[in-house]
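Number of protein chains: 2
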Amino acid sequence: MKLYDYFRSSAAYRVRIALNLKGIAVSRAHVHLVRGMQHDADYRARNPHGLVPALELDDGRVITQSLAIIEYLDETHPAPPLLPATPEDRARVRGIALAIAADIHPIDNLRVLQHLEATFAADAAARATWYAHWIALGFDALERDLAGDARTGRFCHGDAPTLADCFVVPQVANAHRARLDMARWPTLARIDAACQTVPAFTDAAPARQPDAE
Amino acid sequence: MKLYDYFRSSAAYRVRIALNLKGIAVSRAHVHLVRGMQHDADYRARNPHGLVPALELDDGRVITQSLAIIEYLDETHPAPPLLPATPEDRARVRGIALAIAADIHPIDNLRVLQHLEATFAADAAARATWYAHWIALGFDALERDLAGDARTGRFCHGDAPTLADCFVVPQVANAHRARLDMARWPTLARIDAACQTVPAFTDAAPARQPDAE
Numbered sequence: 001m002k003l004y005d006y007f008r009s010s011a012a013y014r015v016r017i018a019l020n021l022k023g024i025a026v027s028r029a030h031v032h033l034v035r036g037m038q039h040d041a042d043y044r045a046r047n048p049h050g051l052v053p054a055l056e057l058d059d060g061r062v063i064t065q066s067l068a069i070i071e072y073l074d075e076t077h078p079a080p081p082l083l084p085a086t087p088e089d090r091a092r093v094r095g096i097a098l099a100i101a102a103d104i105h106p107i108d109n110l111r112v113l114q115h116l117e118a119t120f121a122a123d124a125a126a127r128a129t130w131y132a133h134w135i136a137l138g139f140d141a142l143e144r145d146l147a148g149d150a151r152t153g154r155f156c157h158g159d160a161p162t163l164a165d166c167f168v169v170p171q172v173a174n175a176h177r178a179r180l181d182m183a184r185w186p187t188l189a190r191i192d193a194a195c196q197t198v199p200a201f202t203d204a205a206p207a208r209q210p211d212a213e
Numbered sequence: 001m002k003l004y005d006y007f008r009s010s011a012a013y014r015v016r017i018a019l020n021l022k023g024i025a026v027s028r029a030h031v032h033l034v035r036g037m038q039h040d041a042d043y044r045a046r047n048p049h050g051l052v053p054a055l056e057l058d059d060g061r062v063i064t065q066s067l068a069i070i071e072y073l074d075e076t077h078p079a080p081p082l083l084p085a086t087p088e089d090r091a092r093v094r095g096i097a098l099a100i101a102a103d104i105h106p107i108d109n110l111r112v113l114q115h116l117e118a119t120f121a122a123d124a125a126a127r128a129t130w131y132a133h134w135i136a137l138g139f140d141a142l143e144r145d146l147a148g149d150a151r152t153g154r155f156c157h158g159d160a161p162t163l164a165d166c167f168v169v170p171q172v173a174n175a176h177r178a179r180l181d182m183a184r185w186p187t188l189a190r191i192d193a194a195c196q197t198v199p200a201f202t203d204a205a206p207a208r209q210p211d212a213e
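Taken in sequence, the protein lines are chains U and R. For the first sequence, position 29 matches number 29 in my numbering, and the numbering has no gaps at all. For the second sequence, position 186 matches number 186 in my numbering, and the numbering has no gaps at all.
Note that these hints are calculated values from the structure, not bench results.
A short list of chain R residues far from chain U (calculated; beta carbon distances all over 10 Å):
1. H30
2. L33
3. A132
4. R177
5. L180
6. D181
7. Q196
Label-pair restraints from in silico Cβ distances:
8. R28(U) x G158(R): 31 to 37 Å
9. A45(R) x A193(U): 25 to 31 Å
10. M182(U) x R151(R): 39 to 45 Å
11. A124(R) x A125(U): 23 to 29 Å
12. A212(U) x R151(R): 33 to 39 Å
13. T76(R) x A147(U): 25 to 31 Å
14. R28(U) x S27(R): 48 to 54 Å
Glycine is no exception: its CB is placed at the ideal position from the N, C-alpha and C atoms.
Using the sequences and the hints, build the whole thing.
What follows is the structure in structure tokens.
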């Protein structure tokens, strides 16, 4: 399998964590988003959406969307499981992941920030305020979710990493980059700190990738 | 089970379709988003994210996020299945759903449009252009995905509805509301037309809901 990756992509970072947790080795191709490599015809032929990550299977078929890729990895490499056993708990873990994957990250994505600049002449300060707004709004709700549920343990769900933690850690990294003070979200900060003791998470960090700048 | 619903919410519409395809009856509560009912303390206690849909289970626990809810319904009520049998095909169907759930809809959501108005003084015309931009960008890629894959049939994946169709139909409805010409996306238009012959889809339409205005 080959992962189309970019060190700073928060969505690719999720998949790197899942691959590490499962101990799955893949080859890598680096798609430099800021240089616009996602628009190259060769990449668009593989992934018309022009986003990363994408996972190319050995038969040439391509899976897009970080959550779909991680569910695929969990189905094809079941140990250790990234989803809990009951449907109710699985729904909770997917809900946490999607609160980030659907409600925070897409609104702050590079192409949206570029479109804000092009359309509304949003300068760097306005873009930074926009970026922080959606993280804070989403984290306020996630913090209430996590702090108010007895199923939260050392990690988002119990005492072993799940798919939800694969989404939380890259989003917390984005919050740090935006200089948000995580003290406002103590449960998220505590879970992130627990993840930072696990090599599967730290080895997936942007600064540790071969294409890091 | 109780569904927290809003007739015009595209995310709630997805869940209504899935419930109908499964033949599952639930009670309903209507959360009027334009009147701001999602901010009420009573609703926020159930769903801190303040979005719809949310599915309240009989034990009081709440599942958020349309994709997590539909996966839960598929796991607990397996017939008819909304995901195909192989991991590769399941990943494809989830990828189509997420191309809408993560890459189109969140950027066009009501709260984002309201924030554009408040932050950048985006008037109705600017908001409409923004709204259409993200649908067109996403649909261009989805059209290539669907048209170029032999697994596409009468519906997104083969000849029976899947989870992917639950996401496509509400997004096509949004495109119609934005007066986009679906002729640009013939495969998406054809799949939507096939779905419109199935009562599970038509009965879930916003205009058919008890809270429709």
